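Sequences listed follow chains A and B, in order.
According to my numbering, the first sequence is numbered sequentially starting from 1.
According to my numbering, the second sequence is numbered sequentially starting from 151.
None of these hints come from the bench; they were simulated from the model.
The structure displayed is predicted, hence computed values, not measured ones.
All clues stand as given, with none of them false.
Covered stretches of chain B, going by a simulated chain A footprint (3 or more residues, C-beta under 8 Å): (1) 175 to 182; (2) 299 to 310; (3) 528 to 537.
Ideal Cβ placement from N, Cα and C applies to all residues, glycine included.
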Amino acid sequence: MTKITIRCNTVLKGIAEGEALVTRQPICLYDSLDPKSGLIINKRHELHGENVAGKVLVFPYGIGSSSSSATILEASRCRKAPKAIINLKTEPIIAAGSILSEKLYGKIIPIVDKPETNPIEVIKKGNLVKVDANAGLIEVIKTEKNSAKS
Amino acid sequence: MILTKKEEAMLKGEYGEGPEIAMSVLTKLGDVYGADRMIDVENVHIDGSAYGWINDAGLDLVERFCRSGMTFEVPTTLNPASIDFDQWNELRIDSSVAEKQFRLATAFKKMGAIPTWTCAPYQYGANLKYGQNVAWGESNAVAFANTVIGARTEKLGDLADVCAATVGKYPKFGLYRDENRQGQILFELDDLDFRTFTSTDYGILGFFIGTIAGNRVPVVTGVPKNATLDQLKSYCTAAAIGGAVSLSHICGVTPEAQDITDACAGVNPEEKISVGIGELDDTRDKLNILQGGRAEVVCLGCPHCSVEELASVAQSIKCRKLQKGVRLFVFTSRMAKALAREMGVIGAIEAGGGKVIADTCWNFIPMEDSVLMTDSVKMAWTSSQKFSKIILDSMEKCVEVAVGAKS
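Please model the entire structure based on the sequences and the hints provided.
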């Protein structure tokens with residue numbers, strides 16, 4: 001078991017831990033995520049078929065539709081939202097979704113961005129990841145088992 | 151952020167529950183993105199106008215705002231709804247969805263919204279001018295407002311737009327600030343023959359630029375000054391969907407960017423890309439899925455058709471009828487539809503067997519067809535969960551296929 005720590009910028013505070021789901025491809029959550037199930041339904045996206053519910057979602061940045069904020073809010077209402085979000089650069093639409101989730105449903109989805117090393121290179125699918133947005137830290141816990149999955 | 155006394159009081163709940171929610175969401179967003187203060191916006195375009203986009207969570211919030219007695223502080227237009235208000239029943243929209251959309255419409259209108267129900271509000275319903283601060287949602291509309299009009303807006307997320315409309319304010323960050331409007335990556339167009347460029351070609355160009363620019367501000371040279379608003383609409387829409395491009399500096403077209411020096415504020419762009427016919431052909435191939443199937447449904451009007459585009463559709467039909475097994479859907483706003491009806495254009499499309507749908511988006515229309523043909527890059531790119539084959543071509547080619555000419 002190895003542990004890697006990455007410093008990053010706090011977008012929205014909170015602490016959460018979960019299994020990582022990682023993509024190199026920017027994503028439009030509105031046309032990719034079904035908020036009622038947590039499934040990625042966009043066939044054009046490499047995460048197609050994966051479920052974001054309860055995961056630490058790692059993606060470079062959000063693109064496309066303005067509706068992604070409402071998609072995150074509805075996913076929170078349906079308890080299918082990711083536990084935390086790690087970006088290279090967080091788009092305001094994504095931040096708005098998380099702010100609304102906390103304000104209206106008390107559901108905190110911590111977000112961090114601008115990490116000192118590229119988390120997309122370091123974090124593999126299935127790694128256990130702790131996001132401490134209060135301290136601006138990402139902790140990646142790799143076990144042989146979950147490293148092998150990637 | 152430094153807030154005015156009134157903003158501070160709203161945040162503390164002295165104006166009631168609704169303003170407290172709105173101000174709290176907006177100040178938090180402002181804090182995250184380093185805004186020093188709120189700006190007064192002159193109008194708002196709400197993207198989160200369809201029940202299908204904002205779901206029960208969004209409906210709850212809008213009704214909560216309405217119940218608390220809030221109204222929109224500035225002129226506020228609406229993006230499409232989940233239904234065509236006049237013909238939702240014959241389009242086989244679920245009646246529970248229609249019922250929730252009617253509730254949403256009631257609340258929005260009670261708050262004072264201008265019921266435009268269109269994703270191209272810059273063509274009908276919204277008034278924009280160069281240099282003004284507005285707060286818009288809908289990625290294509292945001293890109294058009296910044297790029298073609300030179301108004302200033304961030305791309306607002308759904309429900310953040312509703313918050314902005316209720317207080318007439320938005321935190322000053324991103325594209326409201328000069329330094330963030332500076333061009334970063336230069337695209338030089340080589341050997342492209344714009345005389346033969348269709349709106350769809352402009353879309354393919356926009357999509358290519360969007361995918362390369364990502365979240366940077368592109369500068370584009372070589373686009374003719376006489377590109378039509380409909381062609382620029384197609385460009386902006388595709389750039390916003392290919393990347394996160396909410397502003398392109400199209401030299402000679404974008405008001406604040408007459409040349410590269412203007413666009414980049416005198417600084418050299420960090421990267422230069424040449425775009426030729428090869429890049430566009432590759433992009434076209436990426437947008438088509440399994441090209442070659444026979445179109446079962448032809449969809450036009452993403453974003454909503456203008457009157458001019460509706461007239462071109464009617465003209466291309468040339469009094470012919472749809473061939474068997476093909477349906478033609480044309481999406482537009484109720485304003486354009488009313489004008490086009492008076493011109494005989496709607497009658498001509500309907501006589502050919504086409505259906506003209508207003509107020510809504512193709513997203514919400516039940517379609518069991520498996521092969522789509524469209525002239526819209528945005529629809530071709532974002533409808534893959536609905537169709538197994540997608541063919542992208544110009545409006546004229548789409549109509550030719552619909553009325554039975556060989557594709």
